[in-house]
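Protein chains in written order, with the numbering used here: chain A, 16 to 358; chain B, 16 to 358; chain C, 16 to 358; chain D, 16 to 358.
Treat the hints with caution; some may be incorrect.
Heads up, the list lumps identical chains together, so a pair's fine if it works in one copy or across two of them.
Claimed, not checked - Okay, derived cross-link-like pairs now, DSSO-like style, lysine-lysine, Cα gap no bigger than 30 Å in a straight line:
id	residue 1	residue 2
1	Lys292	Lys312
2	Lys342	Lys291
3	Lys303	Lys58
4	Lys328	Lys303
FYI, nobody ran anything at the bench for these hints, they're computed from the structure. Note that the structure is predicted; figures quoted are calculated from it, not measured.
So the chains spell out like this:
There are 4 protein chains.
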Amino acid sequence: MASKKRINAGIIGLGRAGQMHLKNLLTIPEINIVQVSDIFVDKLADQLNFMGITNQTRDYMDILNNPDIDTVFIFTSTDMHEEMVTAAANAGKNIFCEKPLSMSPDEQASLNVLKAVRDNNVKLQIGFNRRSDPQFDSIHQQVVSGTIGTPQVVKITSRDPEVTPHNIIKRIGGLLFDFTMHDFDMARFMMGSDITEVYAQAGRLVDPGLAELNDYDTAIINLKFANGAFGLIDNSRRAVYGYDQRVEVFGSEGMLKAENVSGSTVELYNADNEIKKNPKPAFQQRYKPAYIAEMRKFVDSILNDAPLAATGKDVIMAQRAANAAQKSIDTGLPQKVDTNFQL
Amino acid sequence: MASKKRINAGIIGLGRAGQMHLKNLLTIPEINIVQVSDIFVDKLADQLNFMGITNQTRDYMDILNNPDIDTVFIFTSTDMHEEMVTAAANAGKNIFCEKPLSMSPDEQASLNVLKAVRDNNVKLQIGFNRRSDPQFDSIHQQVVSGTIGTPQVVKITSRDPEVTPHNIIKRIGGLLFDFTMHDFDMARFMMGSDITEVYAQAGRLVDPGLAELNDYDTAIINLKFANGAFGLIDNSRRAVYGYDQRVEVFGSEGMLKAENVSGSTVELYNADNEIKKNPKPAFQQRYKPAYIAEMRKFVDSILNDAPLAATGKDVIMAQRAANAAQKSIDTGLPQKVDTNFQL
Amino acid sequence: MASKKRINAGIIGLGRAGQMHLKNLLTIPEINIVQVSDIFVDKLADQLNFMGITNQTRDYMDILNNPDIDTVFIFTSTDMHEEMVTAAANAGKNIFCEKPLSMSPDEQASLNVLKAVRDNNVKLQIGFNRRSDPQFDSIHQQVVSGTIGTPQVVKITSRDPEVTPHNIIKRIGGLLFDFTMHDFDMARFMMGSDITEVYAQAGRLVDPGLAELNDYDTAIINLKFANGAFGLIDNSRRAVYGYDQRVEVFGSEGMLKAENVSGSTVELYNADNEIKKNPKPAFQQRYKPAYIAEMRKFVDSILNDAPLAATGKDVIMAQRAANAAQKSIDTGLPQKVDTNFQL
Amino acid sequence: MASKKRINAGIIGLGRAGQMHLKNLLTIPEINIVQVSDIFVDKLADQLNFMGITNQTRDYMDILNNPDIDTVFIFTSTDMHEEMVTAAANAGKNIFCEKPLSMSPDEQASLNVLKAVRDNNVKLQIGFNRRSDPQFDSIHQQVVSGTIGTPQVVKITSRDPEVTPHNIIKRIGGLLFDFTMHDFDMARFMMGSDITEVYAQAGRLVDPGLAELNDYDTAIINLKFANGAFGLIDNSRRAVYGYDQRVEVFGSEGMLKAENVSGSTVELYNADNEIKKNPKPAFQQRYKPAYIAEMRKFVDSILNDAPLAATGKDVIMAQRAANAAQKSIDTGLPQKVDTNFQL
């Protein structure tokens, strides 16, 4: 049924994201949840008790100071990442954290976090969950193994079902730094090569009010890679038909394509049409296998020294692409991306 | 996160099926697993302890005698169903049990079990898991709501990836009584009407050795329904491309069709072909959402008096169709099916 | 561009079917249309002249007596086939004719026609157009070449978009002899084996008025083949979503499946659904490639002695299956089919 | 069968493209082919006679001087377009011609041709055949009719199966001016709006020898439209899996998508994979319905004054986008496109 080594985990942050992750973590027997923290943890007490999680605290430092805990999962909003990851590293805990590591556009802040991780010799896995999506991971592996020869063009379509509320955008960052950053990482992951140049155009075709946040809802992006290949990304904050996540890699010996994951295989044929109901799964459902898989990989890395699903370097490289895209939109010109990485 | 009413469950039988069900049950917070039993439970002690299930016994009567338990899940092989369900009913427990209720071809044995359930006023849900498959349930609901007008023809394709080992067939029953019985139930469920006539042909095209068990590996079956509609079932015990489960309902105003659930959306286009890798999910993966959904419905029925997903009558009616199919194969003639049901 | 051998053709019958075939024949440069006949040819004079077909007659005997013509295409209704094919054979012409060769349920009439063909040493190709459909022909060839190992089960779904008008049914025959006959032939073609047993059920679920013609609109049919394999056919005279023609062959090493040919690849994703417009191609469009391909094969057989796409034996064997199905419906019992064929 | 008005046509150029078009034209009864010309017409004499086209000449001026001809179809290579279209216009003939109208990068040459067309009051249809593809035309019509609300992003994938031989590239122009020009036109057609800005990147990932021709085999292109929308094009000269032509339009109320047209619906399921044979139709087969439909529209425009499928303005606008893309590649900078059009 299950192996017997286990990690002893503390969870920091039980907002919407944290609650979703918690349910997924409960399905992994190798994760023993020792303690949870959230500033509003009192409101969740009954439900947490019901799940058998009785050690609850409002102060995340209780988690970091708990000697029974070897690993922390940080699910708080982006503006807390820098402080919390650094403190967790200094407390000697292995760390899972969502991207990015800092709200600061200057990458130095993130690099400082990574140095703390390195100096304390702990593991840090970044929540680039799409790398662990079974479809995308399969494409990645097939590209790596040469199934389609030399990869030449990667194309990523990534659309959200609804515009994120403006107050949340303020806390987690705009389109490029929150949403598209996943696509920059996916592009690198698929190509096995670093992005060297970015040209981006963006608009407010859905929600003109985003101008107040200096943010956008629509973007198209050209990429150039160190290996000479090209990439295309297109983003929208509102696809009325639901979350839309597709990847295509074209190479010298073929093409790999992952269509959007549909919620149903049922087809209705009537007098006018062939219809598939569109259950519009939100990201929590769409990427549930990915969320569980990335946690399993993290566990496997801690227990068996397997590779991490996504590293600190990965988040820095994606951030550089996002910065270049922002500058490209601001200037109307293509921008180079630095591929050197030294901690 | 989750409601706070709960059932207190005992699990009987932790063989292959029981272990699969146990993992699924652990994801449902409303199910509190109080105690488990299996004649080989000692071998599972470590793993069960790891899951936090420390109350373990070899004797299923300990479960039935445990006053803290209100509901039992019976996952033993078919030859134990009759005795165990009767005993559980007499012990006043709600019961989940896989079909059929008895190895006896004579339905009187099953009817006696159902009488014990009725007399003790407990709930019994039968493990016709496919009724809770999201695809098939969606078709059922659309047929019921009139989306395709009057249903006229139901077609079911049901193929296993590999021939079940002969020693297991001996314990759980042959093709018609183990495998096709699901399809008979599905046909009734889809049409909302009872089967009135069956014509079946069967062969040993895969494994001639099944002759020793008087069993078959291939069958095609014609059905007639009380509402005048028709049905077609085709079965094979070995589809080299994997488990194949499809349903189609054709009606006066359209058609509903559920294609087989594929394990991947990734397509490879190369010089000769368009290829989808075929990960061949076994029934445990294919029907995982169904297994969890049927358990949720059972819980909902106990806690909130919602309807059961499948009842004792359902198993009797499917069994009659299986008996008629067997007689049709033996005689070469179509057979009527009695639709009266009185307990 | 094109080879230079040519056949000199006469066309008999320019009703709806004949006009469709004529347009297809005009696209084949090896067919030189010398003369056409139809009892209402006067009404078509302008259009035929426009096409450059100026030699027109009301009397089909003018075609048979025309020494410049070596090949005749008979597109009249079924009740004329027996007389016309016999006369054409006696006139020494190669013959293309739609099935069946006679309205008589007794196969002796058809056998007499075939004897005239044999005695006059002319070619006769039967219009089993579906054999030349690129999809179905590809399945046939792959089955023959062993791609799926030993074929075990063939499944054919064949549904018309609308009930044929009753006055036409009177002239061309009922469901089994007009419509299902194509499926019986397809079943033999796919399996490479003769049908040995038929069990059929039929109903009037769409048009109860068909009772006056002793005809049906819905049928499900079980087949047994000489090679031990099985078959399933399901028919309806009215699919509101349009013409539906599918074939599946399941074998020991895999499955081949041809989904219905859709009129479009355009998909619309909106807030509720994924929709494919359903242009409902009629049989003329659906099978246009097949109609042209069967004519090319006929030409190739005449000019280069290639095999005929469908022979007189094929029509007799399909007719026997149709007769057995009729008898099965009448008696409620399965019926054997004679596989001996001696002219 | 067919209407009785007719155009009297002369065909100029019977190379590979001309022969393909000729076969398609022969299926349209309203086109009466009076005379054909080609400098190598002698080699085709037998085949043309076989088709009943006996009036053959080496000199295209014979066509233009033939008073029985009202319409000319020009299928010669690009370097002859400027001279021939001008001469045909001056001879008062309606003209069908492939794009572009001139080899000159300066659009003045093309504008001069269009002025001749205007001054002689004849019709000129450009061979932007993809506008008449049933799939793409359906998307265009649905976008126009508001099915997906306001269009926001158009995406076009266009890949050739093989690198065009270098000597042909010299005669017909490089990637942008021969191949991508279709995509620029398609983008305008889909969006119903002019292209205002182009950013392009290109490489030689397939055939480095193209450097000698200053040409490319791979390109990715960003577009901005007058209506504020965006576009993405990706091109390759060699997709090993065959010709790949896809279009997607994303809008405020949904998405329309045309997948690549596959040559077969037959699927093979075996032990490892689900496989669709990839018959790799070349452009002649892929766009056959489009080639015939564009000719029907041209005929309809001449006989019934229906709109032309593609006009002189359309070719100029596509050419400007191609010029901007070339300049973008040369400079590494995005380029504006002039949308004013005055003849």
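At most 30 Å between alpha carbons: which applies to Lys342 and Lys291, within, between, both or neither? Answer is neither; intra-copy 41 Å and inter-copy 40 Å both fail.
Could you place Lys292 and Lys312 in one of the four classes (within, between, both, neither) given a Cα distance threshold of 30 Å? between (34 Å within a copy, 23 Å between copies)
Go through the copies and call it for Lys303 and Lys58: within, between, both or neither, with a Cα cutoff of 30 Å. Within. Shortest intra-copy distance 25 Å satisfies the 30 Å Cα cut-off; inter-copy 32 Å does not.
How would you label the pair Lys328, Lys303 (within, between, both, or neither) given a Cα cut-off of 30 Å? Intra 25 Å, inter 37 Å, cutoff 30 Å: intra-copy only.
In summary, the one numbered hint that this structure violates is 2.
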